[in-house]
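Visitor: What follows is the residue order along each chain.
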Amino acid sequence: MPKKIWKSAMAIVALAVSGAITPAIASAESSIVIGLQQEPTSLDPTSDATASIDGMLAQNVYESLTTVNQAGEVLPQLAESWTVSDDGLNYTFTLVKGATYHDGTAFDAQDVVFSFDRAMAEDSVNPSKGLFKSIESVSAVDSGTVEIKLSKKDAFFLFNMAQGDASIVASESYETNNATPVGTGPFKYDSWTRGDKLVLAKNANHRNAGSVALDRVEFKFISDAAAASAALLSEEIDAFPGFPAPELLPQFEADPRFNVVVGSTEGEVILAMNNSKPPFNDVRVRRAINHAFDRDEIIDGAMYGQAVPIGSFYPPHGPAYVDLTSTYPHDTEQAKALFEEAGVAGSTMTLRVPPFPYATRSAEIIQAQLAEAGIDAKVENVEWGFWIDEIYKKQNYDMTIIAHTSPNDLGNFARGPKYFYGYDDADYNDLWNRISSEVDPEARNALLQEAQQYLTGQAVHGFLFQLPQLGVYKTGVDGFWPSRAVLFQPLAGVTMN
Amino acid sequence: MTRLPVNLMIGAVLVGLVVATAALSLVWTPYDHTLLNIRDKFAPASPVHWLGTDQLGRDVFSQLMAAARNSVAVALTAVFIGGSIGVSLGLLASAIGGLVEDIVMRLADISFAFPALLFAIMLAAVFGPSLTVAVVAIAFINIPVFARVARASANQIWTREYVFAARAAGMGRFAITRDHVLPNIAAPVIVQATIEFAIAILAEAALSYLGLGAQPPAPSWGRMLSEAQTLMYLAPQLAIYPGLCIVVAVLGFSLLGDGLRDVTDPRLVRER
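Quick mapping for you: the protein sequence lines, in order, are chains U and R. Counted from 1, the first sequence has number 245 at position 245 by the numbering used here; the numbering is strictly sequential. Counted from 1, the second sequence has number 616 at position 119 by the numbering used here; the numbering is strictly sequential.
A hint or two may mislead.
[Stated by the list, open to error] Derived DEER-like restraints, expressed as beta-carbon distance ranges:
#1 U:153 <-> R:619: 24 to 32 Å
#2 R:542 <-> U:495: 45 to 53 Å
#3 R:581 <-> U:457: 55 to 63 Å
#4 R:615 <-> U:137: 49 to 57 Å
#5 U:282 <-> R:748: 52 to 60 Å
#6 R:501 <-> U:235: 51 to 59 Å
#7 U:230 <-> R:596: 46 to 54 Å
#8 R:581 <-> U:175: 53 to 61 Å
#9 U:230 <-> R:623: 45 to 53 Å
#10 R:615 <-> U:196: 18 to 26 Å
By construction, these hints were calculated from the structure, which means they are not laboratory data. Quick caveat, the model's predicted, so the values are computed rather than measured. For glycine and all other residues, C-beta sits at the position ideal for the given N, C-alpha and C.
Produce the entire structure from the sequences given, and follow the hints as far as they go.
Guide: Spelled out as structure tokens, the structure:
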């Protein structure tokens, strides 16, 4: 028996040593492995809300009429230029020539009309239908020109058209995009091994193929923070743009093989409450919960201090930000009094959290803080597919914790009672209408501030912190955006040395 | 039997330590194990916090104590349930024999071949992860183990003269099982149960480590271990303490089981 143990111990040591000295597979072609926390259940950004679909595929496999750079400025993409009528209601887009889909079919104005009609249809499955709300009609002038008429001015129109939700898909392939995406972008879909990885290959026929450095892109799905760190340390992956474990950053900073880049995302992390369900339809309960949690403790404990607190649903780096973090100071007594007043003191609530460290860790702390205020919060850790189905689609929850990484998403609160917030407020809907049709930046920022104040006053959710973008990259990897104004990350500009 | 074997004594001491800690935690821990104090996180061991604090500023010693209670409770319940069902099935198979015995034992073989972890994941998917899921999964893997032990031991008893005598006197199969078979297979069953405790404690830790067992804030050695995993660089002690606790508990029950086996009838044990 001891001999056997010794033998297996030797085998383990041998295995460990061989693993350590085997160099990362080097190849002549430029290939990158990117770590990603969230594996989607579909690959179609025009029908599923999962942020990582856009993160991997928007502007890489799929393209939109416009695109956005790191600073959030709108640039041409499938539309090489456009003109806007004086009244701001008519957009005429001139499309690029020679673009083709990855399956060989040609791209023309009909594809644009098809994509928009599909997104705007009554029974549309688009996760961001609001982006298309201001559009009255889309028509093809000729095969290379599209005219879009708006029913009212839309300040965000060109920016919105850059998003993955507005990807231009083909009528021949849209039905299978959820598993085998077909677009016009600089990378084409190669394979998807569920639970493991998604592989893209360079599209040699793309109009800008000459300036694309990467031949192959592999997204590796690793949701566990410890596994993510191990994969980086063993050089199995080259880049982890959304690294989940802030406590491990000092380790990577001290290691000359890696660069650590801390930036910001558009992701507001919220303690979402189901406003349509008692007792969360009572503003006193929502305010009590806002008094019960301690934002600084959450950021310190869950994010190791690597996050900026928010008091409403707007990123602190945005131009219209107003600091509302002190509206509901942490006050357990006040929270208890409000719970008492609303008749829910000592009750039980569930907190269903998706499998992301920022969420599960915050949940544990919030649970303890609610317990101090006399509320027994049951934490349920659920899988991402379950979260999308039960919470996002069916509103089957009390409270959850989620980062909203879409840009300019104050419109979420105007999405009506069927959106998972369960929030329906005519005054706010009206306010959002005014915001989206206001084209003067200063007047718009003033309205955006009003919206933040309104939502905080209503304590629609608990607003926790802005999700940081913690990037860990192997030395020599270049071109990733340190901060993002949008969900996507164009890989055409990424290089490896 | 002049003196007790060493393994029995070491095992008894370790088990006694774990059980006493678990019992003590019912009435006293240095701190409330769920109490957060984030500003005081990663505190080193000191007279205030004997083993320091974790990433959320909770007292590690209190958590380990409370986790011992969970571990022992889960192991006890699971082994008791699995053992009761398993022993009953084994006795039934042995008493009736024939087709019933074949069916029971083949079912035991099948459930033996079914991976316990897969079963736990399945349960967690249907009912949501919880300590109950851990108990049910561990109880389930114990059923065939006890069924086999009970049947093998009982089959021998059935060939003894006193059983023949009882049958000749007109005693029924179930009465014989109750009065003669069960008392005589108690020793191997108890030995097996002690060893299964060790396995159950390890299984609970594994399930909680994977997130299928104890849910926060319920303390568990396995969950403490998994939470400490990304903290190895910052605070390696947070992984070492729960790891040591698991070692002590598992080693204790294993040695106790081995020792009990040595002092009970060795013939029964060899033939099993």
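Visitor: So, for every hint listed, does it hold in this structure?
Guide: Evaluated hints:
1. For the hinted restraint 24 to 32 Å between residue 153 of chain U and residue 619 of chain R, the CB-CB distance of approximately 55 Å leaves it violated.
2. The given range of 45 to 53 Å is respected by residue 542 of chain R and residue 495 of chain U, whose C-beta atoms sit roughly 48 Å from each other.
3. Between residue 581 of chain R and residue 457 of chain U the Cβ separation comes to about 59 Å, which falls inside the hinted range of 55 to 63 Å.
4. Our hint of 49 to 57 Å for residue 615 of chain R and residue 137 of chain U holds, since their Cβ atoms are close to 55 Å apart.
5. A C-beta distance of roughly 54 Å is found between residue 282 of chain U and residue 748 of chain R, which places it inside the suggested range of 52 to 60 Å.
6. For the hinted restraint 51 to 59 Å between residue 501 of chain R and residue 235 of chain U, the CB-CB distance of approximately 54 Å keeps it satisfied.
7. For residue 230 of chain U and residue 596 of chain R, the hinted distance range of 46 to 54 Å is satisfied, since their beta carbons lie about 53 Å from each other.
8. Between residue 581 of chain R and residue 175 of chain U the CB atoms are about 55 Å apart, so this pair conforms to the stated range of 53 to 61 Å.
9. Distance hint for residue 230 of chain U and residue 623 of chain R: a CB-CB separation of about 31 Å, inconsistent with the stated range 45 to 53 Å.
10. Between residue 615 of chain R and residue 196 of chain U the beta carbon distance is about 19 Å. The supplied range of 18 to 26 Å therefore holds.
Hint compliance for this structure: hints 1, 9 are broken, all remaining hints hold.
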